[in-house]
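Engineer: Below are the chains, spelled out letter by letter.
Number of protein chains: 2
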Amino acid sequence: MNIILLSGGSGKRLWPLSNEVRSKQFIKIFKSEEGYDSMVQRMYHQIQKVDPNASITVAAPKTQVSALHNQLGDKIGISVEPCRRDTFPAIVLATAYLRDVQGISEEDVVVVCPVDPYVDDEYFKALNDLGEIALKGEANLVLMGMEPTYPSEKYGYILTTDNQKVSTVKEFKEKPDKAGAKDYIAQGALWNGGVFAYKLKYVLDKAQEQIEFMDYDDLYAKYEELDKISFDYAVVEKEEKIQVLRFAGRWKDLGTWNTLTEAMEEDTIGNVIMNDTCENTHVINELDVPILCMGMKNVVVSASPEGILVSDKEQSSYIKPFVDKLDNQVMFAEKSWGNYKVLDVSDQSMTIKIVLNKGHYMNYHSHDRRDEIWTVISGEGRTIVDGMEQHISAGDVVTMQAGCRHTIIADTELHVIEIQLGKEISVDDKHKFELER
Amino acid sequence: MNIILLSGGSGKRLWPLSNEVRSKQFIKIFKSEEGYDSMVQRMYHQIQKVDPNASITVAAPKTQVSALHNQLGDKIGISVEPCRRDTFPAIVLATAYLRDVQGISEEDVVVVCPVDPYVDDEYFKALNDLGEIALKGEANLVLMGMEPTYPSEKYGYILTTDNQKVSTVKEFKEKPDKAGAKDYIAQGALWNGGVFAYKLKYVLDKAQEQIEFMDYDDLYAKYEELDKISFDYAVVEKEEKIQVLRFAGRWKDLGTWNTLTEAMEEDTIGNVIMNDTCENTHVINELDVPILCMGMKNVVVSASPEGILVSDKEQSSYIKPFVDKLDNQVMFAEKSWGNYKVLDVSDQSMTIKIVLNKGHYMNYHSHDRRDEIWTVISGEGRTIVDGMEQHISAGDVVTMQAGCRHTIIADTELHVIEIQLGKEISVDDKHKFELER
Numbered sequence: 001m002n003i004i005l006l007s008g009g010s011g012k013r014l015w016p017l018s019n020e021v022r023s024k025q026f027i028k029i030f031k032s033e034e035g036y037d038s039m040v041q042r043m044y045h046q047i048q049k050v051d052p053n054a055s056i057t058v059a060a061p062k063t064q065v066s067a068l069h070n071q072l073g074d075k076i077g078i079s080v081e082p083c084r085r086d087t088f089p090a091i092v093l094a095t096a097y098l099r100d101v102q103g104i105s106e107e108d109v110v111v112v113c114p115v116d117p118y119v120d121d122e123y124f125k126a127l128n129d130l131g132e133i134a135l136k137g138e139a140n141l142v143l144m145g146m147e148p149t150y151p152s153e154k155y156g157y158i159l160t161t162d163n164q165k166v167s168t169v170k171e172f173k174e175k176p177d178k179a180g181a182k183d184y185i186a187q188g189a190l191w192n193g194g195v196f197a198y199k200l201k202y203v204l205d206k207a208q209e210q211i212e213f214m215d216y217d218d219l220y221a222k223y224e225e226l227d228k229i230s231f232d233y234a235v236v237e238k239e240e241k242i243q244v245l246r247f248a249g250r251w252k253d254l255g256t257w258n259t260l261t262e263a264m265e266e267d268t269i270g271n272v273i274m275n276d277t278c279e280n281t282h283v284i285n286e287l288d289v290p291i292l293c294m295g296m297k298n299v300v301v302s303a304s305p306e307g308i309l310v311s312d313k314e315q316s317s318y319i320k321p322f323v324d325k326l327d328n329q330v331m332f333a334e335k336s337w338g339n340y341k342v343l344d345v346s347d348q349s350m351t352i353k354i355v356l357n358k359g360h361y362m363n364y365h366s367h368d369r370r371d372e373i374w375t376v377i378s379g380e381g382r383t384i385v386d387g388m389e390q391h392i393s394a395g396d397v398v399t400m401q402a403g404c405r406h407t408i409i410a411d412t413e414l415h416v417i418e419i420q421l422g423k424e425i426s427v428d429d430k431h432k433f434e435l436e437r
Numbered sequence: 001m002n003i004i005l006l007s008g009g010s011g012k013r014l015w016p017l018s019n020e021v022r023s024k025q026f027i028k029i030f031k032s033e034e035g036y037d038s039m040v041q042r043m044y045h046q047i048q049k050v051d052p053n054a055s056i057t058v059a060a061p062k063t064q065v066s067a068l069h070n071q072l073g074d075k076i077g078i079s080v081e082p083c084r085r086d087t088f089p090a091i092v093l094a095t096a097y098l099r100d101v102q103g104i105s106e107e108d109v110v111v112v113c114p115v116d117p118y119v120d121d122e123y124f125k126a127l128n129d130l131g132e133i134a135l136k137g138e139a140n141l142v143l144m145g146m147e148p149t150y151p152s153e154k155y156g157y158i159l160t161t162d163n164q165k166v167s168t169v170k171e172f173k174e175k176p177d178k179a180g181a182k183d184y185i186a187q188g189a190l191w192n193g194g195v196f197a198y199k200l201k202y203v204l205d206k207a208q209e210q211i212e213f214m215d216y217d218d219l220y221a222k223y224e225e226l227d228k229i230s231f232d233y234a235v236v237e238k239e240e241k242i243q244v245l246r247f248a249g250r251w252k253d254l255g256t257w258n259t260l261t262e263a264m265e266e267d268t269i270g271n272v273i274m275n276d277t278c279e280n281t282h283v284i285n286e287l288d289v290p291i292l293c294m295g296m297k298n299v300v301v302s303a304s305p306e307g308i309l310v311s312d313k314e315q316s317s318y319i320k321p322f323v324d325k326l327d328n329q330v331m332f333a334e335k336s337w338g339n340y341k342v343l344d345v346s347d348q349s350m351t352i353k354i355v356l357n358k359g360h361y362m363n364y365h366s367h368d369r370r371d372e373i374w375t376v377i378s379g380e381g382r383t384i385v386d387g388m389e390q391h392i393s394a395g396d397v398v399t400m401q402a403g404c405r406h407t408i409i410a411d412t413e414l415h416v417i418e419i420q421l422g423k424e425i426s427v428d429d430k431h432k433f434e435l436e437r
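Protein chains in written order, with the working numbering: chain Y, 1 to 437; chain E, 1 to 437.
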């Protein structure tokens with residue numbers, strides 16, 4: 001089975017655990033053997049369990065690449081969107097990636113699905129079925145239709161010609177109001193969950209109608225020229241031969257704190273104390289200090305280095321406009337080489353804790369407008385500063401003036417306090433270089 | 001007017017804003033011209049307003065001295081308890097301090113009151129009256145009796161001979177149950193708020209019955225030998241000539257989050273957003289990152305570098321046993337020279353942000369079991385390391401091996417990141433030295 005996982009989304013609705021570089025799919029809330037898994041980790045492991053030979057490609061914006069490598073390892077295939085261009089360009093690029101980078105035949109089938117629904121193994125078996133139906137070629141596109149559990153106004157609906165397990169699409173309906181939703185459900189309509197399968201060639205041909213390109217590399221280079229257009233609008237609504245596979249298993253969107261906490265196995269994650277007068281209350285604490293909750297009912301509390309949310313669960317779905325107003329400086333991030341956390345922001349300085357995983361290293365880089373001072377607090381490694389390599393261990397201090405090129409290489413897990421000093425400290429003030437060795 | 005302010009108390013009921021070194025009287029929650037005042041600052045300013053010539057002495061444990069200097073300035077008179085010995089020894093020591101350090105006559109009167117009730121100017125006028133009644137010498141001790149506003153089980157009661165403004169004490173009653181309290185109130189009883197006045201000689205003579213001492217210095221040296229005994233038990237209950245002054249003005253104990261938040265002028269302090277579905281909710285945020293509250297009713301939220309409390313207001317009075325169980329490492333403190341905040345605690349290292357006020361300096365000290373690294377992030381000053389003085393400013397790094405003596409002197413306000421490295425990092429690992437210059 002070939003799968004494209006669409007990894008998009010901003011982090012606002014699950015603030016403060018999500019941010020500009022950590023969308024909701026990277027929040028670790030699902031209990032696993034070694035701690036907690038994120039949505040993307042959970043889904044990745046579920047696919048591997050159902051089909052150990054599955055070829056998985058994640059279609060993701062550039063900003064998510066570090067987090068994906070951090071959570072799924074270095075070997076995961078990622079089709080990187082060089083800029084945001086809606087779902088049609090993203091799916092085309094990923095499809096070209098499958099053919100030209102992964103070497104999959106144009107006649108072979110791929111299943112595309114979002115990375116963030118909360119599902120169980122049955123869902124992945126259905127994905128497999130979806131692929132097999134697409135392979136038969138009776139239709140150009142095979143959708144998965146979710147059996148509705150309530151008259152939701154959140155989803156588009158699919159009207160079918162009959163009520164068979166596999167049937168033909170009669171019509172698509174945009175997100176209706178409640179009455180409309182009830183009416184559709186009475187007609188046997190299904191939710192459109194954005195899950196579908198097709199032969200590579202089909203989508204690549206569709207793309208050629210819009211823009212001429214040779215291969216993946218060529219398309220990547222031209223990506224910015226592509227129109228911002230959704231796959232639904234560009235392909236689905238224009239296609240006449242579409243089949244749909246009914247699916248009645250677990251399929252949940254964990255897009256708000258209210259729904260996310262329903263999927264938690266335990267009431268608390270992290271350093272939390274709740275007294276016994278709390279009811280239906282969930283607390284997720286990513287800080288080192290304790291959270292004490294007393295007498296809370298139907299409440300979600302969540303804390304990260306970026307802020308603290310204390311909300312009635314129902315109210316939590318109205319969070320977005322408030323988060324929009326916040327000055328959302330990224331205070332923590334998972335990188336391909338480890339992670340960092342901002343400890344202090346002062347006028348003209350910033351103090352950061354950096355953890356480098358064993359065997360990893362940062363980009364070799366410099367800054368124009370800030371000096372930096374590294375103090376190693378644990379581990380062993382090497383720094384390269386303006387080409388000079390030096391062994392480092394706990395207690396060592398390395399100072400770097402603005403303009404000087406530098407990197408750290410972790411020979412063991414390495415913990416470093418970085419102090420940045422300058423009038424304009426910004427993540428944009430960075431030049432990357434090839435390592436001279 | 002001579003006043004002894006008794007500053008005691010642990011910080012548990014108002015966690016996380018109070019801790020071992022910051023009792024509730026140091027929490028800044030009262031809006032003032034320049035920001036927020038603490039209880040002790042509010043009271044100090046109120047006394048100075050009512051009587052600009054008042055001589056104010058604070059009786060406080062050693063652990064509070066830095067915070068008192070930080071909040072009230074270097075000139076405040078402090079009678080420091082070298083160890084905890086209940087209220088009788090503390091009051092005797094402070095009385096000796098008044099005579100021997102402040103030079104007040106033994107025939108003069110002092111008013112003793114706790115530092116933490118929430119009162120207005122009327123209260124201080126009553127303190128003045130209390131002193132004048134004591135000066136007349138009709139009784140050895142003059143108490144202030146608070147007119148009860150409800151049958152409280154929290155206070156001791158004073159039964160009087162009549163209902164005059166000033167009357168004679170007939171009997172003291174320990175904290176009663178509710179029925180008992182109602183009964184006492186029906187008899188015209190008053191709350192005992194621990195506010196009283198006496199001539200210095202009276203208490204100093206009482207003390208001599210327990211332990212012989214020459215003067216303040218001598219008593220200070222012998223302090224540890226004194227019995228742990230309360231002033232009520234040692235003096236009040238044995239004294240036959242006690243008068244009481246009725247007081248009906250504002251007098252509130254702000255000992256729980258529920259009562260403390262009632263005294264707040266605004267619903268929030270610090271970086272807080274509340275949506276309009278919140279009701280009767282107070283949020284105090286001492287962290288730099290925002291707290292977002294949605295749909296909370298009758299709730300108090302409070303956050304500091306030591307933790308986060310989210311509690312129903314009624315429930316907040318049951319906080320103590322939960323706080324007892326926490327590993328209460330002090331994560332921030334006000335010192336006489338400025339303040340510090342713990343930014344990161346790792347295995348074998350700790351990172352701290354230090355702010356030194358202009359013109360101040362730390363003790364000259366060394367550590368046996370940790371190295372330290374200072375990085376100046378703003379300001380100008382000097383370090384002295386093993387006797388060697390050096391000018392420092394932003395970007396300078398100073399490293400100190402275990403055993404080496406060191407201090408920083410702030411020529412302007414100075415901000416420093418201190419990284420501690422060692423196997424056993426402890427506040428007890430400290431030797432102080434005289435500065436060699």
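Among the clues, some could well be false.
A pair holds if it fits inside one copy or across any two, identical chains being indistinguishable in the list.
[To be verified] As a list, the in silico DSS-like pairs of lysine-lysine whose alpha-carbon atoms are at most 25 Å apart:
| # | residue 1 | residue 2 |
| --- | --- | --- |
| 1 | Lys165 | Lys175 |
| 2 | Lys297 | Lys335 |
| 3 | Lys182 | Lys170 |
| 4 | Lys320 | Lys297 |
| 5 | Lys182 | Lys62 |
| 6 | Lys341 | Lys423 |
| 7 | Lys353 | Lys423 |
| 8 | Lys341 | Lys353 |
| 9 | Lys170 | Lys358 |
| 10 | Lys165 | Lys75 |
| 11 | Lys297 | Lys222 |
| 12 | Lys423 | Lys358 |
| 13 | Lys206 | Lys238 |
| 14 | Lys252 | Lys222 |
| 15 | Lys341 | Lys31 |
| 16 | Lys325 | Lys206 |
| 17 | Lys222 | Lys182 |
It is worth saying that the hints were derived from the structure and are not from the lab.
Engineer: Next step is simple, just say for each hint if it's right about the structure.
Structural biologist: We went through each hint and held it up to the structure:
no., hint, in the structure
1, Lys165 x Lys175, "within (23 Å within a copy, 76 Å between copies)"
2, Lys297 x Lys335, "neither (36 Å within a copy, 39 Å between copies)"
3, Lys182 x Lys170, "within (18 Å within a copy, 79 Å between copies)"
4, Lys320 x Lys297, "both (22 Å within a copy, 21 Å between copies)"
5, Lys182 x Lys62, "neither (40 Å within a copy, 72 Å between copies)"
6, Lys341 x Lys423, "both (21 Å within a copy, 23 Å between copies)"
7, Lys353 x Lys423, "both (20 Å within a copy, 19 Å between copies)"
8, Lys341 x Lys353, "both (5 Å within a copy, 15 Å between copies)"
9, Lys170 x Lys358, "neither (55 Å within a copy, 77 Å between copies)"
10, Lys165 x Lys75, "neither (36 Å within a copy, 85 Å between copies)"
11, Lys297 x Lys222, "neither (53 Å within a copy, 54 Å between copies)"
12, Lys423 x Lys358, "between (33 Å within a copy, 22 Å between copies)"
13, Lys206 x Lys238, "within (11 Å within a copy, 100 Å between copies)"
14, Lys252 x Lys222, "neither (36 Å within a copy, 72 Å between copies)"
15, Lys341 x Lys31, "within (23 Å within a copy, 33 Å between copies)"
16, Lys325 x Lys206, "neither (40 Å within a copy, 64 Å between copies)"
17, Lys222 x Lys182, "neither (44 Å within a copy, 85 Å between copies)"
In summary, the structure is inconsistent with hints 2, 5, 9, 10, 11, 14, 16, 17 from the numbered list given earlier, while agreeing with the others.
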